[in-house]
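Residue numbers (the working numbering), protein chains in the order written: chain A, 2 to 419; chain B, 113 to 461; chain C, 564 to 977; chain D, 12 to 528.
Bear in mind the hints are in silico, worked out from the structure with no lab data behind them. Fair warning: this is a prediction, and the values are worked out from it, not measured in the lab. All C-beta atoms, glycine included, are put in the ideal place defined by N, C-alpha and C. Accuracy of the hints is not assured; some may be wrong.
Unchecked claim - Some, not all, of what chain C presents toward chain D, calculated at C-beta under 10 Å:
1) A818
2) M833
3) L841
4) R844
5) H849
6) V858
Take a look at the letters that make up each chain.
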Amino acid sequence: MSEKNTTQGKAQKRRSRGRWRALLTPLMAIVTALILGAVVIVVTDTSVYDAFGEGFGAGLLRIVEVVVTAYGSFFAGAFGDPARMVRGLSTWITTGDGSDWVQSLYPLTETLRYATPYIFAGLAVALGFRGGLFNIGAEGQYFIAGLTTVFVGYSLTGVPWFIHVPLALLAGILGGAAWGAIPGYLKAKTGAHEVINTIMLNYISFRLAEYMLDVGGPMARGDGRPVSPVIQPSAQLTQFFPSNPNIRFNVGFFIALLAAVFVYWLLFKTTIGYEIRTVGQNPRAAKYAGMNVPRTVVLTMALSGGLAGLAASHDILGVIGFMPNSFSSGYGFDAIALALLGNSHPFGVVLSSLLFGALQAGARNMQAIARVPLDLTDILQGLIIIFIAAPAIIRALYRLRTPDEGEGAVMTRGWGQL
Amino acid sequence: MLKKLWVLLSLVLVTTMLVGCGGGGAGGKLKVGMVTDMGGVDDKSFNATSWKGVQRAIDELGIDGSYLESKQQTDYATNLAQYVNQEADLIITVGFLLADDTADFASRYPDTNFAIVDFGSLGDNVRGLTFSTDEAGFLAGYAAAAATKTGKVATFGGINIPTVAIFMVGYEYGVNYYNQQHGTNVEVLGWETAANDGVFVGNFESTDDGRRVAETFMNEGADVIMPVAGPVGLGTAQAVKERGNAWVIGVDTDWTVSAAEYKDVILTSVLKNMDVAVFDTIKAVQADDFAGFNGENYVGTLANDGVGIAPIASGAVPAGISDELEQIKADIIAGKINTGWAEYSASLE
Amino acid sequence: MNENSKDTRRARTWGIVFLVFAALMLVLFLPGTTGSQRTTFAFDLELSEALPIGSLTFSTQGGLYLLVVLAVFLGAWQLAKGFKQVYLILGVVVLAFVLAFLTWAARDNSMNMTGMLQATLLRAVPITLAALSGVMCERCAVINIGIEGMMLTGAFTSALIGSLTQNVWVGLFAALSAGGLMGALLAVMAIRYKVDQIIAGTAINILATGLTSYFSSRYLQSIPELNRPPTFVQLPLPVLSRIPIVGPVLFTNTAPVYLMLILVAVIHVMLFYTRWGLRTRAVGEHPQAADTLGVNVFKTRYVNVILGGMIAGLGGAYLVLSSVARFDENMTAGRGFIGLAAMIFGKWSPIGALAASLIFGFADSLRTNLAILRVPIPSQFLLMAPYLVTMIVLAGVVGRANPPAADGQPYEKQ
Amino acid sequence: MPPVLELKGITKRFPGVLANDHIDLTLEEGKVLALLGENGAGKSTLMNVLYGLYTPDEGEIFVRGQKVDIHGPGDAIALGIGMVHQHFMLVPVLTVTENVMLGMESIKNKLFLDREVAAKRIHEISEQYGLDVDPYAMVGDLPVGIQQRVEIIKLLYRQADILILDEPTAVLTPQEVHGLFQVIRSLLAKGKSIIFISHKLKEVLEISDSIVVLRGGRIAGSALPQESNERSLASLMVGREVILTVAKEKAQPKEPVLEVKNLRVMGEGAHVVVRDVSFDVRAGEIVGVAGVQGNGQTELVESLTGLRPAQGGAVRLLGKDVTHASPRVITEAGTSHVPEDRQRDGLVLSYPIADNLIMNTYYLPPIARGVVLQEAAIKERAERLVAEYDVRTPSIMTPVGSLSGGNQQKVIVARELSRPDQLVIASQPTRGLDVGSIEYIHSQLIRKRDEGAAVLVVSAELDEILSLADRIVVMFEGRIMDIVPIEKATREDIGLLMAGIHPDEHGADVVATKEAA
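Isolated chain A (complex conformation) (with noise of 0.2 Å):
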């Protein structure tokens, strides 16, 4: 008995090292990508070359100066300055006046602002493939929930915020749901491949956006521009610092977290779960179990459309405000990197897209410091997706040892049928 404990216990343990190796891939990949990214900073930098007219010396300086500003920049934005956390600290201490110390933390709530739509959009794109789907159609269904949650928003008045707030998410988690459930739908009934109908519908839902928003559209806000009317305060999400409104975090971020925490429930812990990872592992031996295939397929899709929902939600209620008629936000392609990146486990997710929310904070503020063009963080993620899908890559580079193969998802399965 004791002997089967200790056996267990080194398991454990062995188990517990391969996660935290488990870890190191991803790690690897971040670094690799950002250094790719720093040569690409400096190769596009005249001032580089300017530096090495004056001296092969000079030039070197000018690059580590180059690559310093530009990521301290990135880091700046991205968790703030220690330094100037502490000082506002203890003069929220000794004067009481917390503003200081609130400012100091701007970048780092503004990570954590990034960061919760794509909390919502990794979990709709993991979701997919823990079901064997490819959802590639978050930013549609993104659209679509941002026009049904802005409507709910704006056009009900007199109620309560914890009445107005819960029924403008239910919209929007309706709406995304519906608009995935289509290509769900036409998948189990036709075979027709979700990844084509997703991108199809991806357009649909701009055009089907813009007129509805149109000026003397449907749900225009009729000042003489493609806008909705702005959602009742009741509507609003509730922000953590309204002494400082430029801190626009708020309580959609727990929300996310939330949502995190019932995905790993829904899929890990229910038999609805079971269905989705049974249907998304072997089609054929859910068939066989009994399971009902096409209703699972549905569902999936329109589950994963409901939590890209929630990032339009998020983003309507909680930022913006109201809905513009260029929506977009690209959350749908970075959505895919992030479930890709989280391992399409719903806490992985959370923790790819603290990372993505950091980039996009620090590439914001990269730009406003070092001046370094905004794309880079699409130059950034392509190659982080590339090393994480790759880990071969990131492993012969650095010769880290091959892990132990464990459960993944299956991510998509070509064109092939249920």
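Start from chain A and add chains B, C and D according to the hints.
Using the frame of chain A, we list chains B, C and D on its own:
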């Protein structure tokens, strides 16, 4: 091996953080920040033109000017906050989509000066920079009608939004006015004010669409085309250049300068002098006696040269037309000619 | 017996579908017309070498009735006797419907049919090239969803190198190389590292968007001379270009357009009649079988995917060197994805891909013409049309198109 | 004269497994060398080494006395070695000619495939060896027996003179096997040498000139057919005395549990593949469905379990009509189903054993309360079943994919037979398993019968049917040829029925459905 890597990493992190926080802070120069909308500063349209105004101010007035691009709707406030924190003296936002955020920041930072392109007044410390583009479009339409040999002129847009459509409205009214004056029957393809709809390519990116639409227009007999779609219009210019027997009307800036390779086929350009408005605004703020905007806005019209048309290609229109255009310009300024704004706004209700 | 009855039931369904089309024409188009209205279809293009044949003007109602009668006749014949080539007849009926639509839309107006066909082909060129790229990769079982990114890369490179050298052919070659490089990246990820191929493609899309936009804003926008590539000139083929309608549409084009048409034919022939094609198809269907006969599965895949990347690069170069003479961010605007749909619609065959792309091109050029004719449908809905068509086509008409059996699966030596 | 092929000390290791341990083989020209062994004995690995698909860790290969290195199939082909794989290496959407010429294409005009020349050669080869095949037929449309001929033609086209046949009889009727042996003899007559891989003792004794038995990656012994018998070979193969028949009591059939009447089912591609099939299965008996693979058995089972819609006819389970019921309804009405392809249809390989054991009970208490899975109950059940059904695994959380085939099948059997069902449908329940597992699964099926369940076993292995079934349903081309009680069944008669020939000439039209009626 791994440990060393960690040490190295954390070292790099710490140093970069320290350096990164040192940024910001300018000398005695006027600090001007521009926040673009999602098109980015190289949109060949209003962001680019506005930035041109800031650049000119940097060169001529010696200010400290910079821009921040936005990639998504939620970036506007982030970028505004960035400039507010850097204590910019003037923040210029480009595009009506930024109106809500600009209004919000303006009310919270009453001591900072704001200016917004393409939107009206938002408060005492905000200067709205708007343009009666219909007036300029009217002149272009008149010139187009005069230049056409086929009796058909065309226009198309990127996406149907007012700042785009207003060009097309003026254009249509200008053509109709020409018909009225000269008893001709020149037809406008691609826009109908009464229906508030026309030909739109659905984006501001796909230059190929601009080319294909232009070819279709020419196949349907149009020989003057005004594309109101940012870089997409350059595809149109390329198509017309290759055909050779038609004209393009540029928008926003004088295309014989900004797209010089097409100057042989550019009939004229509808000027929306955002750069001038931006430059003037910066100049006003820099002036010693500047005491705030006090709710004063800028409306670019033919009268104040905020809008206008570039010189018409020589030989493209009959000799008398320039005089007629001068007269029409005077009449518009005098309010004697309807350039379509009223009907367009009515169609939006 | 049972199977027969099922066949007759299907035949009957199609007959009813044809009649429904006829009824739709009556209900949708006829009420808005008057007897005095006339429709004009023009066929001559300005500046073309084709012999002029004038235009066709006819009574709008007369034309509509004629088309309705045609559809009714085909429907009735289908119900009574049945056609062997039902899909062909379906095509004819749909064409009649579209013609009726145009007849109605162009009432008291005119429309240039040759121009629309020309626009159809030219709009189809980048889509076809994207689809061909997909065919090349997927026939040997590598899914390529990164076509969009490869096209963008090709477009950017052709603009940059074309501007630097002021030579279209060098620009084209550079685009082919850049596309091939992206193809190689996909190949390495998919074949060597066995990365999920859809994810590899997505990574390529994001990376290519980022790289081209970044370099564009760093270089092309600030130095306009770097974004002024020369363009291919039109090469009317002697004699052929003088044929009415066909001449201007098919035989008055630039080199990349001819190249696209040649590629479709060449790849089709190569795929089905040469050693390379046989091996490629075998690798796509049953890589083990090919391997046991000494066919190098990995090499076949590397070669095809790199070639596929080059074709996508050509598609990007077409947009720059044969269309608009400049690069702009995201100028491919989703053509890579539409091409992917065209590939599936065309059942993974080059000629099918061309046909499907022509349908998309037609939908695109049709909506421009309809907007010019002021059809009272909001422009946003006209813009949706091609995407809706794609979805309908994928869900219904092609039903279950069968991809190569091993599509998307990495090959492992056992 | 040196032997045509000689292997010396071939060793091949995989992570954790020694698949071939110093194997020596000698093949003389014009002879058949039989390689006998259970699944997993290392036969296929050895042949893949010979064919260049694997590189050996140690050892040497000599062809006609010359030491050779074989780095890929290309090298093997060049040396005149050809292999017919157990799973045919044919591309179904290509024609016979295209399949045969692949990798060695005839070319005309320097570019184009010359199908005519290749077809002509194929025709010549088929004439020469009595392999009748249409060169222009699509391979996917051909019956299995013909596909095998295409495989052999592929080798002859490449002028192979050492032919490796890997389990060539697995998919053939006894009559087709007879035909294959004739082909083999005509090959030998033309000087070809053959390695014949099998685990079927009778065939090996009939065709081979010498026999090598592999067990656990090693040579367990060699024998000459004239000096051996089935029993001696079997004990060499398994390593102990094996009982070749299953011990069971005589069946005590009671009321019918499953009644099938005039069932019609469509296969893929909208062909009717089950034609008006009628039979019943009674409580307390095992009905075996015999037939060569691809004669409608798969679709029949899929239809009975609700996976494939019936086009006509009726299925009644315990008196209840379930013709168009969903799989779940049929399961809940009391049916267990061991699917034909365990990895594809029966298991989620990445799931732990515990999760695989709840695949059809996951939504029922005590496994689930509402929608919430009860982990304690899942674990308890898994521990119990793993012990009860002798699944050899380090833990119930081990992914099923890492278990051996036998243990994977035991997981399915545990899941299906642990439920109190009245009907058990088992498709190919022992395919590819070792003798120990086969014995165990057979005993479990018989236990189920003795407990009063109705059992339907579908198997392509005639021996399995003969040893398990109480009644035998023989299917050919979607029809029931006959239903034979075990007492009257002989190997030969069933074999003829499987080939579509009725041994009793007079009754051919009458017998088909008499039992069911």
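Self-check item: Hints not upheld, ascending by number
Solution: 1
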